[in-house]
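Each chain, written out:
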Amino acid sequence: MDVPLGIPFEHVIYLAIILFLIGVVGILIRRNVIFILLSLEVMMNACGLAFIAAGARWGEADGQVMFMFILALAAAEVAVALGLVVQLSRRFRTLDIDAASEMTG
Amino acid sequence: MSMLWIVPALPLAGFLILFVTEGKLPKMAVAAIGAGSVGLSALVALFVGIEFMGSGSTSYAQDLWTWMAVGEFSVPVTLYLDRLALVMVGVITGVGFLIHLYATGYMWEEEGYSRFFAYMNLFVFAMLLLVLGDSLLLLFLGWEGVGLCSYLLIGFFHTDPANGYAARKAFVVTRVGDTLLILGLFLLFREIGTLDIQESIAGAKEAWPNGSTMNTAIALLLLGGAVGKSAQVPLQTWLPDAMAGPTPVSALIHAATMVTAGVYLIARMQGIYLLSDTAMLCVAIVGLVTLFIASFTALVQSDIKRVLAFSTMSQIGYMFLALGVGAWSAAIFHLMTHAFFKALLFLASGSVILSLHHEQDMFKMGGLWRKLPIPFWCMAIGSAALVALPLTSGFFSKDAILLTASHSENYGMWLWGGAVAAAFMTSLYTMRMMVITFFGETKMEPHDPSKANMWLPLLVLAALSIGGGWLGFSVLEELFHDGGVHGGLHLDDPIAWATMAVPLLGVAFGYFVFATKAFDRRGMVESAAGKAVGKYWFTGWGFDWIYDTLVVNPFRWLARLNKNDAVDYIFRFTSLVARILHNLLSITQNGRLRWYALTMFAGLLFALVVVAII
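Here the protein sequences line up with chains A and B, keeping their order. FYI, numbering that gives the first Met the number 0 numbers position 45 of the first sequence as 44, with every residue one higher than the one before it. FYI, numbering that gives the first Met the number 0 numbers position 123 of the second sequence as 122, with every residue one higher than the one before it.
Keep in mind that the hints were calculated from the coordinates and are not lab data. Warning: the hint list may mix true and false statements.
What the hints assert, rightly or not - Residues from chain B that face chain A, not an exhaustive set, calculated with beta carbons under 8 Å:
no. : residue
1   : Arg-369
2   : Ile-373
3   : Asn-589
4   : Leu-597
5   : Ala-601
All C-beta atoms in this analysis are idealised placements derived from N, C-alpha and C, irrespective of residue type, glycine included.
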């Protein structure tokens, strides 16, 4: 049972995995807080894509509901994270995430 | 007689009060509690004693409670009073009270007044437990309590490390004897199956024929315990060092009561000893050897308290000799009179020492007899009893011992001869001590600290030292059904004449040597041989040297070798491993967010791979 556009389910999942891995690599190699947040957004959207695709694959509405939740979560996360970014730049005069490792764990 | 339990309870109560209040009570209250508890205890003991003697029974047992019960084995806490225990209780509480009273004055200026009396009361309690205990286990409890208190009191002036060493030495040396004692108790329990004193003696009489090996072994092990506590050869080295304690402690523990615990033990277990001639002979020989060694050592000491310490050893040697020849009541009689006159000698010498600002060297004293009349006359009376001048208390008791020894079947005349020769030495060193301390030219100006609470006990003890002999006859008659004490003078017996004459000869000779200038003893003392012998005697016949070489120094060497404790390496290795692991893990906690994320994803990947493989 294919989706109307005719894109195979597997391809969508591959795309989601690639997007997720891009996000992971971004988090691991980027030091700038803004880019880390961007990478997180990419990962979340990869998850959302996987949900949509799965919902379409089995004809269930749950996938789309889950995407709604992810959107709400992303909005909230961005609100908090941007606050943290502002604080970080005020305190340390930089956006380098490693500057905030003073407590060393 | 039902008041018997109060006798040990009062000193215990005194100890607990002084212990709990931690020295916050005023000194007068401490003195009242410390001396009062023992005084009241002595009064109760007196009433109990009168009632007991009046009742005509031979023993009285008071069950208090069950100490422990395991299966069929149970140890009741039972107080057992017979004439032997009565004499001991009388000596402990009576003489103990006089010494406590004296100590209230003697220790007045010292730090730790309350602590001192707490220990003293605990000591009296432990000693009472020892003599009143109905089972050998209870006796052993008191025995160990006495050892503990002796440790605490010898090291009472704890700011000087030398005193701590003396205290440890006393504790460890007596511990050797205690180990032998407890081995003897184990053996007795295994063979007879009870630790009740009367039952075990009766059981031993049934189980073993005369002279059986097991019985002899037990008797000798018990003798080992007695030798340790009573400072007899070969475990005598702790007693002279124990003089580091305050003088009332020396009087109470190291003269009047604790060192007699060994004598009591053997007298109490006489049923065991009577079954073994070998053990009896060993007791007599231990006594005689100690008697000799201690007399010669006392002759060359310069510290007045050490002279008295060695004379204590030799007098207890007399008691062991008496026990060894079966003169039980003579031994206990001498124990009692010795408690009187040795306490008197120690307390009087304490007065001398205190008046000279804690000077104990006899050669720095001299000419004190006019300036310190009470201590002088008390010392003179005590010395008279010590050398057994006729009609003093020491005369009757020592006479009883020597006469019984001379009639003994086991080498009787040899024992008698040795003991009489030692009696001559006793006279000699006593004269030396008296002459050097009290006569000649004055070297130090004494200040007389006489207070009523100090000279009153001296006078009472002096009276007892003279008249105590008659006190003994009434109580001690038929004590052990061995004919009692042969009191009075035996004018028809040449041995009795010799026994009586030798101390007099000794005193006369001592006077000739030490007090007159007719005899030049410098030449003898200062010749090379004289010096060598004097030095040898001074060190107590080299026993300390032997023990230091054989035991103490090898042990120290081993301890130094094992300074880092080989066993500890195992545990130190465990802690090292834990520390390395900790360091490894703490590296990962570096505070870098991306590192944490990486490890998280690595862990996730790992989990996925594991799931995929499985």
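Verification of the supplied hints:
| no. | hint | verdict |
| --- | --- | --- |
| 1 | Arg-369 | violated, 86 Å |
| 2 | Ile-373 | violated, 81 Å |
| 3 | Asn-589 | holds, 6 Å |
| 4 | Leu-597 | holds, 6 Å |
| 5 | Ala-601 | violated, 10 Å |
Violated hints, listed in ascending order, are 1, 2 and 5; each of the other numbered hints is respected by the structure.
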